[in-house]
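**Q** Sequence:
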Amino acid sequence: MKHVLFAASECTPFIKSGGLADVAGSLPQALAEQEVEVSVILPLYKEIIESGYRPDMEEVFVFSTPVGWRNQYTRILKRRDRGVDYYFVDNEYYFNRDGLYGYVDDGERFIFFSNAIIEFMYRTEEHFDVLHCHDWQTGAAVAIGSIKRPHPGMKTVYTIHNIKYQGWFEHSGFGEMLDLGMEHFAGFEWHGMMNMMKAAIYHADIITTVSETYADEILTPFFGEGLEPVLADRRGDLYGILNGLDTKDYDPLSDPALSQQFKSSRADKLANKTAMQEALGFKVDERIPMYGVVTRLVAQKGLDLIRHIMHEFLESDVQLVVLGSGDAEYEEYFRLLEAHFPGKVHVTLGFSEPFARRIYASGDFFIMPSLFEPCGLGQLIAIRYLSAPIVRETGGLKDTVIPYDEYDHTGNGLSFANYNAHELLDRLKYSLKLYRSLEHMDALCRNMAASDYSWTASAQQYAALYDK
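According to my numbering, the sequence shown is numbered sequentially starting from 1.
Please note that the accuracy of each hint is not assured.
Said to hold, decoys possible - Straight-line alpha carbon distances no greater than 25 Å define the calculated SDA-like cross-link-like pairs of lysine to any residue that follow:
#1 Lys16 with Phe351
#2 Lys148 with Leu180
#3 Lys16 with Arg80
#4 Lys16 with Trp168
#5 Lys148 with Asp237
#6 Lys248 with Arg80
#7 Lys78 with Phe63
#8 Lys164 with Asp22
#9 Lys16 with Ser352
#10 Lys78 with Val62
#11 Lys148 with Phe351
As the list claims (entries may be wrong) - With beta-carbon atoms standing in for the labels, derived distance ranges:
#12 Leu280 with Glu170: 46 to 52 Å
#13 Tyr103 with Asp408: 50 to 56 Å
#14 Asp304 with Glu183: 32 to 38 Å
#15 Ala232 with Gly99: 34 to 40 Å
#16 Glu33 with Tyr73: 34 to 40 Å
Just so you know, these hints were derived from the structure itself, not from any lab. Here a beta-carbon is modelled for each residue, glycine too, at the ideal position from N, C-alpha and C.
Full structure from sequences and hints, please.
**A** So this is what it looks like as structure tokens:
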């Protein structure tokens, strides 16, 4: 049995700021079914301690980790959960802070974390065949592990979850923070700076990203964020593997957040819409289609397209529920939209996991017109909860949403190709036509219910890569 060490900066159920945590939390269980043993290592953040997980952890190592010319206190704690061993890197100076990221010394914090991972691998009696690292925060661990190889024959896999965030730092940090000779500087340097993602791409044995389409997109200047030449050199080692969905967690048949649990019955699902209409003061009428938006309010999510056409679309007899937070300009736009369409638009700024699930369960359609989307989780949850996604054909959205064909009744959503507001409006108007047809809506729901985006297929692909 292969033994893999996952290194990530966040992981459910312990700590989460985005989709990376879901992958680190769910994929190990799916890999266990493929006879791959996975352990996970992550920082011990203040929030993890305050969430009550600390009493169930045992101390397994205390040592010093080199960070350039300094040696930093490091304690490794262990907790077994859901059949997986989780290791936590404890250092109060770096991680006993509010939040996960956004500090001026983030480079030093996560280079320390990367160094600590390799030190741990040297010291533990566990033998890891593969070190599998995720995003820029563990990029240095890929490079150090590839150069030093803590275990004989150990290989490295690096997964890019979002190439936009690369971990850029002053090149002087190489000597100050990394315990490597200057002959390795070129592997970290990119355009006069240290770039942790570039270092990982340069050194990893295999590189993956989170959908097949995104793997192709990041080889181009528009999506590659400046790293497309480095990726082009590694094209033969780059694989796109679609993220899965934790179907045990996201299960409308048992989700306690819902007003009415359901599996594939539109009648049971409609009870959730009725409850949402009553709760938000909307007109209670199942003939009115409800549209959901659950997103970060940032430009990447296609909100500029929504701004251009939503006023026109809302002149129709529709309802819109929005949940999210982010840039002030988008928050203000949605506040004004709600004020302009009272009784038809409800906007909640912030995030609530139970309310998000109720939006997925009550909506007939889910709007996700992203400028780019490496994989996307929202459309997968929407399909699981029978809310037909309306998406732009990019990244994982293109790989998971099959356009509905009203002639042969195939497809699980609606999509458009170009980043164009009127293409989005066209699909929204088309969704109104579909909603007026019981035949088409029943077919859409059947197709969504039959869609399988669990981790099983993806875990099989990862297991094959580990064997490779």
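**Q** Taking 34 to 40 Å as the stated bounds, is the beta-carbon spacing between Ala232 and Gly99 within them?
**A** holds, 35 Å
**Q** Take a quick look at whether Lys148 and Asp237 sit within 25 Å of each other, Cα to Cα.
**A** Measuring from Cα to Cα gives roughly 21 Å; hence the hint holds.
**Q** Is the Cα-Cα distance between Lys248 and Arg80 25 Å or less?
**A** Holds: Lys248 and Arg80 sit about 19 Å apart, inside 25 Å.
**Q** Under the criterion that the straight-line Cα-Cα distance not exceed 25 Å, is the pair Lys16, Arg80 satisfied?
**A** Answer holds: Lys16 to Arg80 is near 18 Å, not above 25 Å.
**Q** Are the Cα positions of Lys16 and Trp168 separated by 25 Å at most?
**A** With Cα atoms ~22 Å apart, Lys16 and Trp168 stay inside 25 Å; holds.
**Q** Given a hinted range of 50 to 56 Å, is it respected by the beta-carbon distance of Tyr103 and Asp408?
**A** Given about 54 Å between the Cβ atoms, the range holds.
**Q** Holds or violated: Lys78 with Phe63, Cα cutoff 25 Å?
**A** Measuring from Cα to Cα gives roughly 15 Å; hence the hint holds.
**Q** Lys148 and Leu180: Cα distance at most 25 Å?
**A** Within the cut-off at roughly 9 Å; holds.
**Q** Can you let me know if the beta-carbon spacing of Leu280 and Glu170 is within 46 to 52 Å?
**A** holds, 49 Å
**Q** Do the alpha carbons of Lys164 and Asp22 lie within 25 Å of each other, as the hint requires?
**A** Holds, at roughly 19 Å.
**Q** Could you say whether the range 32 to 38 Å given as a hint is met by the Cβ separation of Asp304 and Glu183?
**A** violated, 46 Å
**Q** Are the Cα atoms of Lys16 and Phe351 separated by 25 Å or less?
**A** holds, 13 Å
Violated hints, in rising order: 11 and 14; the structure is consistent with all others.
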